[in-house]
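Once you've looked at the hints, dock chain A with the ligand against the given chain S.
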Amino acid sequence: MSIKHQMSIEGNDLRLDFDKEYTQIGKSVPRIDGVEKATGAGKYAGDLKFPNMLYGKILYSPHAHAKILSIDTSEAEKIPGVKAVLTSKDVPDMKYGISPARWDENIFCIDKARYVGDKIAGVACIDEETCYKAMKAIKVEYEVLPTVLDYRHAMDEGMPLVHDNYPRNINTEIHQDFGDVEQAFKDAYHVREDVFTGTRAYQNPIERHSNVCIWKDDKLTIYPSSQSPHYFQYYVAREFGLKMGQVRIVLPLIGGGFGGKLEPSGLEFVGSVLSKVTGRPVMMSYDRLEMFQHNRGRHQGTYRIKTGVDKNGKILGCHTYFLLDGGAYTGLGIATAYYSGALLPLTYEFDNYKFDGYRIATNLPACGAHRGHGAPQPKYAFESHLDNIAKDLGIDPLDIRLINARKPNTTTVNGFGIQSCELTACLDRIAELSDWREKKKKGLPQGRGIGIATGSFVSGAGYPIYRNDWPSASCMIRVNEDGTSATLYSMSADLGQGSSTILCQMAAEAMGYKYENMKIVCGDTETAPLDFGAYASRQTLFSGWAAKRAGEKIKKDILETAAFMMGLPNEDMDLDCVDGVIFSKSRPKVKVTTFEEAAARYFKLKGPLVGTGVYTVHRTGGYHKGAPVGTSPAYSFGVQAAEMEVDEETGKLTCLNFWDVHDCGQVINPTLVKGQIHGALYMGIGESIFEQVQFDDKGKIVNGSMGGYLMPTALDMPSNVINETVESYEPVAPWGVKECGEGSTNPTMGAFRNAIADAVGANVTSLPLNPEHVWRAIQEKKAKDKK
Amino acid sequence: MYLPDFEYFAPDSIGEACQLLSQFGAKAKLISGGTDVLVKMKNELLAPEVLVSIKNLEELKKIEYVPGKGVVIGARAKHNDLVYSELLAKRYPSIPGAAKQMAHNQIRNSGTVGGNIVNAVPSADLPPILIALSATVHIVGAKGSRSLALEDVFTGPNTTCLAPDEIITEVIIPDQKMTGSTYMKFGLRAAGALAVAGVAAAVWVENGVMKDARIVMSAVGPTPMRAKKAEDFLKGKKITDELLAEAGKKAAEECKPIDDYRASAEYRRNLVSVFTKRSLRKAIDEGHV
Ligand SMILES: Cc1cc2nc3c(=O)[nH]c(=O)nc-3n(C[C@H](O)[C@H](O)[C@H](O)COP(=O)(O)OP(=O)(O)OC[C@H]3O[C@@H](n4cnc5c(N)ncnc54)[C@H](O)[C@@H]3O)c2cc1C
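Just so you know, the sequences run in chain order S and A. Residue numbering for the first sequence follows numbering that gives the first Met the number 0, starting at 0 and increasing by one per position. Residue numbering for the second sequence follows numbering that gives the first Met the number 0, starting at 0 and increasing by one per position.
Chain S extracted, bound-state conformation (with noise of 0.2 Å):
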């Protein structure tokens, strides 16, 4: 498909040379936002300054479960500097949360606080310091309520309950059958039953969450820190019966997200009314324990699975049961509780399966979408599990992988339909470059090991969080004036990942035109076009058409004017636009003309220069509950080898090297890929080791601080790092495009956990894989060889 063209330019000897299919992807171009976020130009929400600005903060909870008495806020009020102070009856009472059946969540908590860090009182002041000193003299008079800590037990007789319309604290059942997977256990060669447990582990971003909020006359504007303007766009007009064009919401730069801004973090609500009431803008942010406390993180759960297999170790069936501490509201939870069991069969072809969930409500933070969402312990337990099951069978867990490995255009066993799966090749290559088969062979030196895990995820959600039939995304390009530069307006979220970056390197290649030149105004939603924003690794492919057809239309004005100038009929497609320059393909004599000229000559003829381009995904999955959870146009998968020494007195860990080998389709920018893949495997190495919100008996966090929380420093990430794409082209993507972000993060603690079991025959049942635990595993294991 190359297209090699050669062109003279005014008769000159220049001759342009197109050796390359795509002139503006699959090029590692340079960040369009790097140099004012090198520098720290560039400003986060809560670097805001608007003139007569207040500073707001939220009163939360300090019991995990207790009934409000009473609120007294007049000696707070009567501080100096302290110009509003809020509780429940000064906003609406309006549930909000995700899905309409789980709406379960308040602005400020009206009859019970339901975990430490549950919101109680809003206050607005001339600064933060004030605020701090009003709050304390906010007098609230709780009666403390027995708790529900622990998720395992909190469906036990007598407990007491988190919400009165959760009987037994079930806040979501989902039991889901394909198949006949009983039979399949009975024609199993080798039926196993493992059980595995997950930690509570919270996406800590750089960025605290802040916001600034202006409320003036029937006009509210928001400033957040937020993974979709449009979503906030719709909770906070529908918290306050606004209409949508009432509400505006700009992001500024986003320091990180990871699925924990997606959802409403309160702060928008009560910033909003403290704004109105004092007609002021009004700056809100949580400080780093009440981003724990609000958390969104994580799910802890308890993962029993069941699998049968034949000899050569095919999976004919699998029965999965999980239990996850939801915590005490909803939000995400609900798709998260619904991903952990429908993402399980995308990586292995399996005809039957069950899947049994149950999202548990208890006193403490509630836990939402976190990259990868719902997937990684699942996968973590899953990967364990068939690790065992290869030993049972003396099988090499690579091969085992191998065997059950999904294959191009198939279709899961739960109804996603799968068109690219490099799966096997991803296998093939990993084996290659880690050695695999040779240390199997000649093994490793006492204390060392190599594990393997694989995963997969969807580029994009089927459908989007609240019921809507809006299109997916669409965008929208304006060609400047004089044809020099050209600004997408889109309503995505750049949180780190790169997508202003790469959705400007597509619209610039389906215009013809130059990355350099591209300008992006993302995230405003009255400039910008709906898009659903940031989550589910949606943005690369579902912006990207957005972006990829609103290019073309340009292109097309753009060609249809240089046709005119060239004095050439454009038919038969003969005039083409690379790189800003236009010419003609059948006559490679005829002089070229650039995309600036045209442009420019384009608006002096019919006006503005503008393409729109709407994506809208095609109708995916199957009819049973829950069908939409986990549908996606496409999938990608990867594959992550880790070889672990483990020092057997200790349990400490050092991972020496990691692999990773990815299908993500077409790469539009290498680099950007690779710091999502690195930026995986730091985090896939935090939850997999050092990561563990920890809670003390009266369900307050112990460790909410950069300091308690032990997230992996530069010195903990593995010294040697390999990572490498697979030719893979999805055939319904832009330019066959997929994800990285979110998958890469699947296999880490499952290739983890087999490398320990590699190196020390220890069975590490719970996460993290921390020495204790380790030390622990490598004890039992020991106890159990003397017998």
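It should be emphasised that the hints constitute simulated quantities derived from the structure, not laboratory data. Every residue, glycine too, gets a C-beta built ideally from N, C-alpha and C. One or more hints might be untrue.
Stated by the list, open to error - Partial selection, computed: residues in chain A whose CB lies under 10 Å from chain S:
hint	residue
1	Lys99
2	His137
3	Val139
4	Gly186
5	Leu193
6	Ala262
7	Glu265
8	Asn269
9	Leu270
10	Arg277
The following block gives chain A with the ligand in isolation, referenced to the frame of chain S:
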């Protein structure tokens, strides 16, 4: 989250500092690098009305060798002053070795030796190696001065025997017979983590025989703790791997760890056993490291 209001003094002499501390009594707090004091104030664990800073006391910053006395480390020497001290690199590299394992560069550039001692948390990283090398401290107060073995300074978690108007001016490492010393810290990540357990060992080895040994454990008791039974057990014995492992077991029996959110007591005992053995071996084989 925000510092409370306080009055601030930065006197030019030790005498003046002691006088201010005694004048304001319980209302005052001495501040050195502030990496503990300010954190506590922000977290509302401490609300002094007066802060007396010793930052202007230049004489407390020195690290020098005084013949007949030993190596003198001023109480205001920062962790990174230890890390980059040529004198210590020559005489007791195990001290910079311990300092290097602390916190992050930013904290090492502000935290001081005196603060690390008087803050008196069981996980503090400097006391073990200093005690292993038989350090004494010189203390100046409003009513006079005194010298004390460092290990006798600690009375419990966050408490010392210092009166509120007393200031540690220097830490003295006497000339010694010890042929090797080291500190091994076990934290839950490679940097910026407090010790879950740590062991400092100093040994006097002659002809393969342990003439003397001092073992000090951190984060496994209310104060930095000597493993005296293990020390006695080692004395005069021929050094073998089995001997060191046995000493490790004895130290593990002596320590008094607790369960907390970082680790269980049982696991900490195991760490003490392992790191006693390993640190002894390292000090025996490699000298002061
Ligand atoms: C992020 C972070 C990481 C840390 N990591 C570590 C670590 O890994 N290992 C570790 O051991 N510590 C660690 N610390 C604790 C702290 O940095 C050290 O204890 C440091 O040595 C304290 O010294 P300072 O000068 O800052 O003490 P300050 O905060 O100034 O004072 C601490 C206490 O000592 C008293 N004091 C100070 N100097 C004197 C003196 N000369 N005479 C009498 N009393 C005095 C003060 O009154 C106060 O009670 C960490 C702290 C932070 C914030």
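Quick rundown of the hints versus the structure:
| no. | hint | in the structure |
| --- | --- | --- |
| 1 | Lys99 | violated (12 Å) |
| 2 | His137 | violated (32 Å) |
| 3 | Val139 | violated (33 Å) |
| 4 | Gly186 | holds (9 Å) |
| 5 | Leu193 | holds (8 Å) |
| 6 | Ala262 | holds (6 Å) |
| 7 | Glu265 | holds (9 Å) |
| 8 | Asn269 | holds (7 Å) |
| 9 | Leu270 | holds (6 Å) |
| 10 | Arg277 | holds (9 Å) |
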